[in-house]
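Q: Taken in order, these protein sequences are the chains called G and L. If you count by numbering that gives the first Met the number 0, then the first sequence holds residues 0 to 393, one letter each, in order. If you count by numbering that gives the first Met the number 0, then the second sequence holds residues 0 to 140, one letter each, in order.
Among the hints, a few may not be true.
As the list claims (entries may be wrong) - Here are the simulated DMTMM-like pairs of lysine to aspartate or glutamate, each with C-alpha atoms no more than 25 Å apart in a straight line:
hint, chain 1, residue 1, chain 2, residue 2
1, G, K133, L, D52
2, G, K133, L, D97
3, G, K317, G, D266
4, G, K133, L, E123
Hints listed in this document are in silico derivations from the structure and should not be mistaken for laboratory results.
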Amino acid sequence: MTGYTEKNTAITGIGMSDVSRGATKSALALTVDACLEAIADAGLTRAEIDGIATWPGERADGSGFSAVGCAAVQDALRLKLGWYAGGGEAPGQYGAVFNAIGAISAGLCRNVLIFRTMYEATARKTAFANALLKEGQRQAGPFAWYAPYYTYAASLQQALFFNLYVHNSGITPEQVAQIPINQRRNAGLNPKAVYRTPITLDDYLASPIIATPLRLYDCDVPCDGAVAIIVSRLDVARTLRNPPVRIEAIGSSMQYRNSWTQLDALDTQAQPKVAEMMWSRTDLKPADVDIAQLYDGFTFHTLNWLENFGFCERYGAKDFIEGGRRIALEGELPVNTGGGALSGGRLHAYGAVHEACTQLWGRGGERQVKGDPQVCATSTAGGPLAGAMLLVRD
Amino acid sequence: MHTPTPPARILPAVDMDTLPYWTGGKNGQLLIHRCGDCAYLVHPPVPFCPACDGRNVAPVPVSGRGRVTTFTINHKPWVPGLPVPYVLALVELEEQADVRLVSNITHCDPAEVTFGMAVEVYFEPVEDLYVPLFRPVERLA
Numbered sequence: 000m001t002g003y004t005e006k007n008t009a010i011t012g013i014g015m016s017d018v019s020r021g022a023t024k025s026a027l028a029l030t031v032d033a034c035l036e037a038i039a040d041a042g043l044t045r046a047e048i049d050g051i052a053t054w055p056g057e058r059a060d061g062s063g064f065s066a067v068g069c070a071a072v073q074d075a076l077r078l079k080l081g082w083y084a085g086g087g088e089a090p091g092q093y094g095a096v097f098n099a100i101g102a103i104s105a106g107l108c109r110n111v112l113i114f115r116t117m118y119e120a121t122a123r124k125t126a127f128a129n130a131l132l133k134e135g136q137r138q139a140g141p142f143a144w145y146a147p148y149y150t151y152a153a154s155l156q157q158a159l160f161f162n163l164y165v166h167n168s169g170i171t172p173e174q175v176a177q178i179p180i181n182q183r184r185n186a187g188l189n190p191k192a193v194y195r196t197p198i199t200l201d202d203y204l205a206s207p208i209i210a211t212p213l214r215l216y217d218c219d220v221p222c223d224g225a226v227a228i229i230v231s232r233l234d235v236a237r238t239l240r241n242p243p244v245r246i247e248a249i250g251s252s253m254q255y256r257n258s259w260t261q262l263d264a265l266d267t268q269a270q271p272k273v274a275e276m277m278w279s280r281t282d283l284k285p286a287d288v289d290i291a292q293l294y295d296g297f298t299f300h301t302l303n304w305l306e307n308f309g310f311c312e313r314y315g316a317k318d319f320i321e322g323g324r325r326i327a328l329e330g331e332l333p334v335n336t337g338g339g340a341l342s343g344g345r346l347h348a349y350g351a352v353h354e355a356c357t358q359l360w361g362r363g364g365e366r367q368v369k370g371d372p373q374v375c376a377t378s379t380a381g382g383p384l385a386g387a388m389l390l391v392r393d
Numbered sequence: 000m001h002t003p004t005p006p007a008r009i010l011p012a013v014d015m016d017t018l019p020y021w022t023g024g025k026n027g028q029l030l031i032h033r034c035g036d037c038a039y040l041v042h043p044p045v046p047f048c049p050a051c052d053g054r055n056v057a058p059v060p061v062s063g064r065g066r067v068t069t070f071t072i073n074h075k076p077w078v079p080g081l082p083v084p085y086v087l088a089l090v091e092l093e094e095q096a097d098v099r100l101v102s103n104i105t106h107c108d109p110a111e112v113t114f115g116m117a118v119e120v121y122f123e124p125v126e127d128l129y130v131p132l133f134r135p136v137e138r139l140a
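Use the sequences and the hints to build the structure in full.
A: Structure follows, in structure tokens:
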């Protein structure tokens with residue numbers, strides 16, 4: 000298993016700003032907080048950062064979806080770079096990491112600062128965050144096909160896929176509920192999580208239906224916050240202060256129709272081929288995974304990933320999560336150990352990478368998974384977007 | 000009982016390829032691009048047939064009949080005056096199941112919509128476009 004260039008890279012430092020439902024500082028200030036923390040955590044200086052990447056790049060549309068891009072961070076920190084890239088047409092949120100792997104492998108840089116900044120909590124106070132449509136404007140792009148049909152939000156669009164998954168799998172609301180209940184329990188042990196008060200099955204069942212079968216508690220929580228990670232060339236990583244969290248394998252493929260309507264895997268979304276690619280690039284197997292940080296923009300994304308990563312059979316997630324024991328911190332596969340985006344805040348798959356490293360470096364405090372976890376599967380998702388990484392601590 | 004006026008439908012930006020889809024309703028036709036060589040339906044419309052590499056692709060009227068691939072019943076009043084619940088659906092065409100059209104299912108109680116339900120197109124004129132909508136086949140006069 001040599002020749003896959005992601006194996007020549009590792010995560011060497013992490014940083015996270017305050018995460019809240021209403022920040023007291025700007026989006027750029029949050030980003031700088033996260034970036035400086037990550038650089039220091041790696042044992043690097045600003046002068047040693049020679050690459051920078053983000054997904055999807057700055058979107059100055061007032062939505063808070065991506066309020067800060069590479070240019071603003073490069074200038075704020077006066078970085079001198081060999082390479083940089085920010086852009087959204089990539090294998091989900093991890094596109095920035097995959098780009099960085101390529102840049103490091105091409106010899107363009109050695110230590111890449113990767114960040115993701117969300118400012119949706121503040122944006123929501125004046126506009127509708129995560130809106131797919133803008134009134135009074137004709138809608139271009141992939142959601143033009145949805146525009147005339149009152150498809151106001153991603154949650155409504157995604158409910159189409161969730162409903163088909165429920166129809167095909169037979170999962171019950173009581174079973175789905177184990178995902179948010181487990182994550183809220185984990186969030187209670189994470190001081191940075193946005194929502195930390197435990198929820199019960201009754202709370203889940205009482206939460207408002209947005210669009211069948213999707214309830215409010217199936218959705219992640221818009222927040223203000225930034226995450227940064229440092230991805231370094233492996234030989235450099237081995238000279239730094241943390242044990243390298245090696246990028247053992249990635250899944251970056253697009254083998255389906257790249258479309259929110261014609262996607263030829265509606266109820267699994269684009270994950271199966273992405274997972275297949277990741278497993279094809281490592282000798283490790285699902286049974287070797289100690290913890291999983293699975294994308295949870297909506298609960299059913301997490302259900303999808305449990306199946307598509309091969310932790311259980313197709314449509315077997317309902318049995319796998321029954322009662323919540325297997326996915327709990329003490330279970331055979333602890334899932335979204337920091338509360339995930341459902342309770343920790345919508346840091347859009349980078350909260351998951353931060354939590355993966357937190358656990359692999361034994362920094363989880365009250366929520367630390369026992370047994371010194373060494374291997375973590377992480378993922379992103381959403382319709383035709385999907386990306387996966389297998390992380391292994393040296 | 001007063002029925003609120005629904006908010007205006009937000010229209011798509013159209014180009015030369017998509018204009019037939021959004022205007023065929025003027026003549027009561029659902030226009031889908033079709034390969035003149037192998038009959039494969041190409042949607043969204045592109046002047047290239049991925050099934051046979053043909054370039055002889057042009058919009059033609061299809062039956063307008065299909066089945067509900069998946070759907071959701073929206074309950075959240077996203078904007079003032081939005082009548083809820085309503086049904087958002089993906090409809091697969093009778094002629095070719097991998098052509099999926101986004102639409103609302105109307106003329107029935109949302110609770111009556113089912114997976115695989117047979118539906119048929121009709122059109123709602125909005126500004127210069129004709130928005131394809133679907134209703135259950137058995138409800139047609």
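Q: Each hint should be assessed against the structure and marked as holding or not.
A: Right, here's what the structure says about each hint:
1. G:K133 - L:D52: Roughly 37 Å between the alpha carbons, so the hint for K133 (chain G) and D52 (chain L) is violated.
2. G:K133 - L:D97: Since the Cα atoms of K133 (chain G) and D97 (chain L) sit roughly 29 Å apart, the hinted pair is violated (cutoff 25 Å).
3. G:K317 - G:D266: Satisfied, since the Cα-Cα distance of roughly 14 Å is no more than 25 Å.
4. G:K133 - L:E123: This hinted pair holds, its Cα atoms lying about 20 Å apart.
Violated hints, listed in ascending order, are 1, 2; each of the other numbered hints is respected by the structure.
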